[in-house]
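Colleague: Each chain, written out:
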Amino acid sequence: MRSRGERAVDLIAALFVALVLLALYSPVLINALFSVVALDDGRIVWESFSLAPYRSVWSDPDVIASLRNTVQVALFAVGAATVLAVLFALYTDREGAVGRQAMELTIYLPFLLPPIVTGLSLLVASAQLGVSRGIATIVVGHTVFVLAVTYRLVRTRLEAMPRSLVEASSDLGASSLQTFRHILLPYLLSAIVTGALLALTLSFDETLITVFLSGDRMTLPLRLWAMMRVGFTQDINALVTVVLAISIALAIAISVRMKPAEFMD
Amino acid sequence: MARRWAAFAAAAAIPTLTVVLPILAFLTLSFFRVEDNQIVRDPNLGNYAEVFGNPTYRGTYLGSLLLCLQVAALTLLIGYPVAWRVWRQRGRVGALLLLLTVLPLFMSYIVKLYTLRSLLGLNGLLNQALVGLGVLEAPSKAFLYNQRAVLLTMTVVYLPFVILPVYLSLERIPHRLLEASTDLGASQWATFRHVVLPLSLPGTVAGALFAFVLALGDYITPQMVGGTSGFTFGRLIWSQFGLAYNWPLGAAMAAVLFLTALVVIVAGGSIARQGRV
Chain A
8 MRSRGERAVD LIAALFVALV LLALYSPVLI NALFSVVALD DGRIVWESFS LAPYRSVWSD
68 PDVIASLRNT VQVALFAVGA ATVLAVLFAL YTDREGAVGR QAMELTIYLP FLLPPIVTGL
128 SLLVASAQLG VSRGIATIVV GHTVFVLAVT YRLVRTRLEA MPRSLVEASS DLGASSLQTF
188 RHILLPYLLS AIVTGALLAL TLSFDETLIT VFLSGDRMTL PLRLWAMMRV GFTQDINALV
248 TVVLAISIAL AIAISVRMKP AEFMD
Chain B
11 MARRWAAFAA AAAIPTLTVV LPILAFLTLS FFRVEDNQIV RDPNLGNYAE VFGNPTYRGT
71 YLGSLLLCLQ VAALTLLIGY PVAWRVWRQR GRVGALLLLL TVLPLFMSYI VKLYTLRSLL
131 GLNGLLNQAL VGLGVLEAPS KAFLYNQRAV LLTMTVVYLP FVILPVYLSL ERIPHRLLEA
191 STDLGASQWA TFRHVVLPLS LPGTVAGALF AFVLALGDYI TPQMVGGTSG FTFGRLIWSQ
251 FGLAYNWPLG AAMAAVLFLT ALVVIVAGGS IARQGRV
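Chains as they are written, first to last, in this note's numbering: chain A, 8 to 272; chain B, 11 to 287.
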C-alpha cells in the first residue's frame, strides 16, 4: 500500500517531470510553429499560414550544397567507422591481444574528450602534414568521433558470443574467412546496423569538431550557424524544423532497435 | 610473440595516426611561439606562463570552471528527480517518458541553441509571455547575452546527458534489494536514502561528469547566447585559432583544458567504480 505522503511525492515529482519536458520541448515546438505562421505584436497570425519558407530554403543553393557535404561526410565517416569497428573488435577480442587497453583508450578518447580538443588536434596535425582542410579532414574528424560508438556496440555483441560457435566452425574445416562470412558477420549484423545508425545521427549533428576541420566546405550545422548569426528568419525556422525531423526519425529508428541500457555501460 | 606484436602494429596504425599523433602534435605546438605570423620552433613554457600569468586568461579559466560546476550541479539537481520519477513509472507511460527524455540527446546541438536563443530574446516568447501575464511591464533584456543566459542554456542543452545515466543506474538496482528494505520496515525515505541513492551513485557521477566536460569544451553556446559578456575558456581557445591567430597559445590553453577534463574524468571514474554494485 502506498501511503498518502508517498503519493504526494510521486505527484509533485510528476509535475516536475512535466515542467522539465516542457522546457526541453517547447523551444523546438514553438520554432516549428513559427516556421509556418508569422507573429505580429505578440499575437499569432493564423491567416499567415504558409509553407513558402520551406520552398525558399529548398531553393537556397548554399543550403543544398551544405546538405550535399553533410551526406557525403556521413557516408564516408560512418562507412569507415563501421569497418574499423569490426576490425578493431575482432582484434581486441582475441585471446592475448597485445595492447588491448591502449587500443580501447585511443578509440574512446575522442568521444570522452571535449570536442574542441579533438578538433584542434586534428587541425594542427593536418596543418603540419600540409593537408588542406575540406571534406577529407571532416571525414577523419567524424570517423574518430563516432568510432567509439560503433566499436562499443560490436565489441559488446562479440563478447556475448559463445566461443563454441567459432570453434565448431573451424573444427568443421572452415577457413577463418569462411567463419567470418558465415558465422561472425550474421551474428554481429544487428549491432553493426544499430551502431551505423547512431554514428549517422552523431555525424549529421556534429558541429564542435567540424568547425576546426571544414575549411571552406560547410556542413549543414555550420551553414545553420552562419545563417543564425545574421538573425531570425522564417527560413531558418523551416530549415531547423527539417533538421529536427531528420534527427527524430533517426532516433526512433534507433530506439526500436536497442534498449536504452545499451547506450552506455 | 612476434606475430602478436605485428598484429598489434597493424591494428594500432590508424588510431595512432588519427588520435595519438594529433594530440602529441598540438601538445608540442603549445611549447612554440608565434612571431610575425610565423611559428617559431623554440621550445619554452612561455605560453603556459601566459595562460596562468595573464589575469584575463586566468580569470576566464577559473570563471569557466565555476560555470561548468554550476552547470553540473544544476543539471544534476534537475536531472536526478526527473530520472527517479521516470524510473518509478511502470508500463507504457514509463516507456514513453523514457523516450521523451532520451529523444533530446539526438536533437541537433546547434538547433537547440537557435531555438533557445529565439525563446530568450527581447522579442522572444518568454518576454512576450511575461509581459502578457503582467509580470513585466516591458520586454526585458535580462534573459539573453549575459552569463546567466549561458548557464541557463547549457543546463537545458546538457540536461538529457545527465538524466539518462542516472536512469540507467537506477534501472540496475535489483528489485529484491528494495523489497528487502521495505520488508525490514524501512520507510520509503529510509530506503531511498540508504539503498537507492548510494546504488545510483555511479550514474549520478557519470552524469555530472558528462555535463561538466561538455560545458567545459563548449565554445558555441557562450557565443550564441552570451554575447560579449559570455566569454569562456573554450571561446578563448577558439579565438586563438580564428581572429587572434596565435595557434601555440591556443594549443597551450587547450592543453590546460585537456588536462582538466582528464583529471575530472579519471577522478569521476574512480568514484563511480567504487559505488558499483
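Since the hints were made in silico from the structure, they are not lab data. Idealized CB from N, CA, C, for every residue including glycine. Careful: at least some of the hints might be erroneous.
Unchecked claim - Quick list of simulated restraints, FRET-style, between CB atoms:
(1) B:LEU110 / A:SER197: 20 to 30 Å
(2) A:GLY12 / B:LEU187: 17 to 27 Å
(3) B:ARG186 / A:SER57: 50 to 60 Å
(4) B:LEU110 / A:GLY12: 43 to 53 Å
Stated by the list, open to error - Partial list, derived from the structure: chain A residues whose beta carbon lies under 10 Å from chain B:
(5) ILE37
(6) VAL44
(7) LEU46
Colleague: Now tell me, hint by hint, if it's right for this structure.
Modeller: Evaluation of the provided hints:
no.	hint	in the structure
1	B:LEU110 / A:SER197: 20 to 30 Å	holds, 25 Å
2	A:GLY12 / B:LEU187: 17 to 27 Å	holds, 22 Å
3	B:ARG186 / A:SER57: 50 to 60 Å	holds, 59 Å
4	B:LEU110 / A:GLY12: 43 to 53 Å	violated, 27 Å
5	ILE37	holds, 6 Å
6	VAL44	violated, 13 Å
7	LEU46	holds, 8 Å
The structure fails hints 4 and 6 (numbered hints given earlier, in ascending order).
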